[in-house]
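Colleague: So you can see what is in the structure, the chains are spelled out below.
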Amino acid sequence: DVKVTQSSRYLVKRTGEKVFLECVQDMDHENMFWYRQDPGLGLRLIYFSYDVKMKEKGDIPEGYSVSREKKERFSLILESASTNQTSMYLCASSLSGHGFDQPQHFGDGTRLSIL
Amino acid sequence: QQPVQSPQAVILREGEDAVINCSSSKALYSVHWYRQKHGEAPVFLMILLKGGEQKGHEKISASFNEKKQQSSLYLTASQLSYSGTYFCGTEYLGRGSTLGRLYFGRGTQLTVWP
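Top line first, the protein sequences correspond to chains D and E.
For the first sequence, position 20 matches number 20 in the numbering used here, and the numbering has no gaps at all.
For the second sequence, position 108 matches number 108 in the numbering used here, and the numbering has no gaps at all.
No lab work stands behind these hints, which were simulated from the structure alone.
Don't be surprised by glycine CBs; every beta carbon is placed ideally from N, CA and C.
Wrong hints could be hidden among the right ones.
Chain D regions said to be covered by chain E (calculated; three or more residues, Cβ under 8 Å) [unchecked claim]:
1) 9-16
2) 105-111
Calculated from the model, a selection of chain D residues having no Cβ within reach of chain E, i.e. all distances over 10 Å [unchecked claim]:
3) D26
4) F48
5) P61
6) E69
7) S75
8) A81
9) I114
List of simulated lysine to any residue pairs, SDA-like, C-alpha gap at most 25 Å [claimed, not checked]:
10) K55/D - Q2/E
11) K26/E - I60/D
12) K37/E - K55/D
13) K26/E - L41/D
14) K37/E - T5/D
15) K3/D - G84/E
16) K55/D - G84/E
Same shape as in the complex, but just chain E (with noise of 0.2 Å):
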């Protein structure tokens, strides 16, 4: 039940854009992003529960396509702070689910250079 991330890395110049992908094979009731940089603690970015909703914060947003069971988040002139590996964690519904219980992908890693 671990979602499928992509790319695995992503190397940036300040400005510009990325996208990142986190697709599962189970229906999703919500998807989760996270961001970790080296040595510290993942920070919570933001949640989306199935519906298609798209969410933001400050320049990065993400969007959750409830047909493809798939999330993407946007990364939007980028900065260098927004370094790190971001990881989706994936919350389902269902037999055998736990609602509060998140599955969570391999991460992305994400290199921006000035």
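Excised from the complex, chain D in its bound form (with noise of 0.2 Å):
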């Protein structure tokens, strides 16, 4: 089985602190993504990554930026965090290749808050 393990379930930081949330997988995929979940939103994609050292804006890209130095791990950098910043993130993985039959594998997910 596919295992996406995200480094923390809860997180609490304050205001201005640059905080990093880390994602790592097992099975050697491509794709490498982060969502913010928020009640009545769905799943908003944040960034994405198709191989080491590229990233691709998701949707709401503004005050993060990402890191992917390492084929398995996935960092989100939230460069200066904010209380609208408050959300649970999940990191999700896939393989690449023709790419319309592979499913998203996701992690637990982290629920940050900011205070």
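Got two chains here, separate frames each, mind docking them using the hints?
Modeller: So this is what it looks like as structure tokens:
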């Protein structure tokens, strides 16, 4: 089974702090994704990466950056945390190649609170 | 490009059926369905490719209507374990699209009572 592991289930940080969320997958997947989940809004894509050192902006990249130095690890960075970034953050990974028949596998999520 | 899901919420008794719809204004290449239980990660259910095929997974099946750019998820004889939020994720081809990138709907909350 694919395992996507997020470093923390719950995290509390202060406004203005630099926050790192880590995600590791163990199935050699090329694609990795960071989503934000808020009630009633579904899953919104922040950034995704289809290869090491490659990244593309999703729908809501403002205030975030990402890093992918190794294939198995994809980090989300909140440069200067603000209260409106309080949310559930989900990481996912998928195989590349043809792309059209590859499901995304999700981690358990990190519930981040910014005070 | 976010697909529109309907209804927003469904309440059922065990054994009843439900249909959840996912509509796109843009030509679809594939539709993915996921279920998320409270406090857990979304879990993959099935993928449908363009061509109007229907797929099944136990008593949960889905169809893809390419002409209408719509997919429907059918839950038959619902069980308590079906409760959760169902999301569709849509994938597009063409200029500006990236294979593997999904656009998720806002979700349909399904509650099954005994």
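Colleague: Would you mind marking each hint as holding or not holding in the structure?
Modeller: Hint check:
With a cut-off of 8 Å between beta carbons, the region 9-16 of chain D has 0 residues touching chain E; three or more are needed, and the interface restraint is violated. Counting residues of the region 105-111 of chain D whose beta carbon lies closer than 8 Å to any beta carbon of chain E gives 5, which meets the minimum of three for the stated coverage. No Cβ of chain E comes within 10 Å of the Cβ of D26/D; the nearest lies about 15 Å off, and the non-interface call holds. The non-interface label for F48/D is inconsistent with chain E: the shortest C-beta to C-beta separation is roughly 6 Å, within 10 Å.
With a closest Cβ-Cβ approach of about 13 Å to chain E, P61/D is found to remain outside the 10 Å limit, as its non-interface label requires. With a closest Cβ-Cβ approach of about 21 Å to chain E, E69/D is found to remain outside the 10 Å limit, as its non-interface label requires. A cut-off of 10 Å between C-beta atoms confirms that S75/D is not in contact with chain E; the least separation is 19 Å. Consistency note on A81/D: stated as away from chain E, and its beta-carbon is indeed over 10 Å from all of that chain's, at 23 Å minimum.
Non-interface status of I114/D relative to chain E is upheld: no Cβ of that chain comes within 10 Å, the nearest being about 20 Å off. At roughly 21 Å between alpha-carbon atoms, K55/D and Q2/E fall within 25 Å of each other, so this suggested pair holds. This hinted pair checks out: K26/E and I60/D have alpha carbons roughly 20 Å apart, not beyond 25 Å. For the given pair, K37/E sits about 30 Å from K55/D by alpha-carbon distance, which is inconsistent with the 25 Å threshold.
Annotation: proposed proximity of K26/E to L41/D holds, straight-line Cα distance about 20 Å (limit 25 Å). Among the hinted pairs, K37/E with T5/D is consistent with the structure: their alpha-carbon atoms are about 18 Å apart, no more than 25 Å. For the hint linking K3/D to G84/E, the alpha-carbon distance of about 21 Å falls within 25 Å, and the restraint holds. Between K55/D and G84/E, the direct Cα distance comes to roughly 32 Å. Violation of the 25 Å bound is thereby established for this hinted pair.
When held up to the earlier numbered hints, the structure conflicts with 1, 4, 12 and 16 and fits the remainder.
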